[in-house]
Amino acid sequence: MEEKNINTVEYIKMVKESPEKKRSYIYLGFTILITALLIIFALRPTITVITRINKEIKEKTALSKSLETKIQTLSTLEKQYADSEKDLSNLELIFPADGNFSLLMSNIDSVVSRNGFALSSINFDDYKGELFASSTNVLLPKTLRMGLKGKEINLVNLLRDLEALPMYPVIETVSYSTQKDKEDLVSFSISLRVYDIENDKFYKQ
Amino acid sequence: MLGTEKQPKSINFLEAVYSPNDIWSSAYLWLTEVGKYLLIFVEVVVLGVFFSRFILDRQNNDLTEQVNSQVILLSNDNWKKNAILFENYQNLFSDIRKVRMEQNINSLVISELISGIPSSLNLESFSYNGNRVSFQISASSLETITNYETALKNNSDYYDVKFSINKDSTEINVVVSFGLISSADSK
Numbered sequence: 001m002e003e004k005n006i007n008t009v010e011y012i013k014m015v016k017e018s019p020e021k022k023r024s025y026i027y028l029g030f031t032i033l034i035t036a037l038l039i040i041f042a043l044r045p046t047i048t049v050i051t052r053i054n055k056e057i058k059e060k061t062a063l064s065k066s067l068e069t070k071i072q073t074l075s076t077l078e079k080q081y082a083d084s085e086k087d088l089s090n091l092e093l094i095f096p097a098d099g100n101f102s103l104l105m106s107n108i109d110s111v112v113s114r115n116g117f118a119l120s121s122i123n124f125d126d127y128k129g130e131l132f133a134s135s136t137n138v139l140l141p142k143t144l145r146m147g148l149k150g151k152e153i154n155l156v157n158l159l160r161d162l163e164a165l166p167m168y169p170v171i172e173t174v175s176y177s178t179q180k181d182k183e184d185l186v187s188f189s190i191s192l193r194v195y196d197i198e199n200d201k202f203y204k205q
Numbered sequence: 001m002l003g004t005e006k007q008p009k010s011i012n013f014l015e016a017v018y019s020p021n022d023i024w025s026s027a028y029l030w031l032t033e034v035g036k037y038l039l040i041f042v043e044v045v046v047l048g049v050f051f052s053r054f055i056l057d058r059q060n061n062d063l064t065e066q067v068n069s070q071v072i073l074l075s076n077d078n079w080k081k082n083a084i085l086f087e088n089y090q091n092l093f094s095d096i097r098k099v100r101m102e103q104n105i106n107s108l109v110i111s112e113l114i115s116g117i118p119s120s121l122n123l124e125s126f127s128y129n130g131n132r133v134s135f136q137i138s139a140s141s142l143e144t145i146t147n148y149e150t151a152l153k154n155n156s157d158y159y160d161v162k163f164s165i166n167k168d169s170t171e172i173n174v175v176v177s178f179g180l181i182s183s184a185d186s187k
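Those protein sequences? They're chains L and B, same order as listed. Take 1 as the starting number for the first sequence in the numbering used here and just add one per residue. Take 1 as the starting number for the second sequence in the numbering used here and just add one per residue.
Simulated from the structure, these hints should not be mistaken for laboratory data. Among the hints, erroneous ones may be present.
Claimed, not checked - Here are the simulated lysine-lysine pairs, DSS-like style, with alpha carbons at most 30 Å apart:
1. L:Lys60 to B:Lys81
2. L:Lys182 to L:Lys201
3. B:Lys162 to L:Lys180
4. B:Lys80 to L:Lys58
5. L:Lys142 to B:Lys98
6. B:Lys80 to L:Lys128
7. B:Lys162 to L:Lys79
8. L:Lys128 to B:Lys98
Could you build the full structure based on these sequences and the hints that come with them?
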């Protein structure tokens, strides 16, 4: 009976701490280790390479598309520019890039005389007013001051005509006294805000 | 003496039929049972990647060539100049639009100011300075001036209305000044 008892305990011990069980643990551990090594040294680099190439392809596709769009846009603009080059050349006179306000001057001269005024002085200056609040990229305001003689009754029409010019000038200041000179005319002082471009190569690239 | 040792007479069902005891045999067993599948799987993936790289690399190279040719085309001096010129025009058009839409037409304001002075008052001098107006008027009766002052002070477009009255022997001289609330401010 005693021998039988010892054998049972030994069998249980054998089941619990059998070398087979230990071996299966080692087997599993080794498998996990090898799997991890393969993942780290074989699969990861190849997947990384594929991901990198895919990313490069995506970036290059986007870049190529944007370049293609740019080329198409430029081609279209070239055609449009060729069609309306004459009209666009007028812009150079309306918003001069070289400080040449010849069109504005001739327009002012005709507007002034049409309204029965005589131009006594005119000068340009840098804009120092506070009324210009637009955030323009290329157009810069300038001040045009005029001394005029004429009749008070024509003043409003003159101001309207001046603001209707294609240069989009704005009346900044007006001052006058109703005292008349020998010719029965009143002296007016008007300042206008006009625009020019401070880049003499703006229209000529 | 070999093989003559007495073996214990027992049948152990817990022992595996074949269970190698040395490390090389265990490694061989592992390699044939599990390792080969792992290696096959990895090889399949690596081969797949290897062949897919042919396609992806070709695609990548084609795109590189395409981008390079586009860049060369755009680097052309004529195209460069045109690109700058068209950008300038685009900025100019945008500015013209801003100026046209955003700026106030002051001739209308001045017209309203001058025409708003009652005919019974004589305008002596007038000064408009963007957002501030001052003028000198003369009148024979104080009532007309008071009415005009009330009208100006009740006008919501004007603020800080000031009247400075000087009475002469024959007429009353008034200096009027006030600020204009621009349409942009009132918004």
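- [ ] List in ascending order the numbers of the hints, as given earlier, that are violated by the structure.
- [x] Numbers 2, 6 and 7 - these are the hints that the structure violates, sorted from lowest upward.
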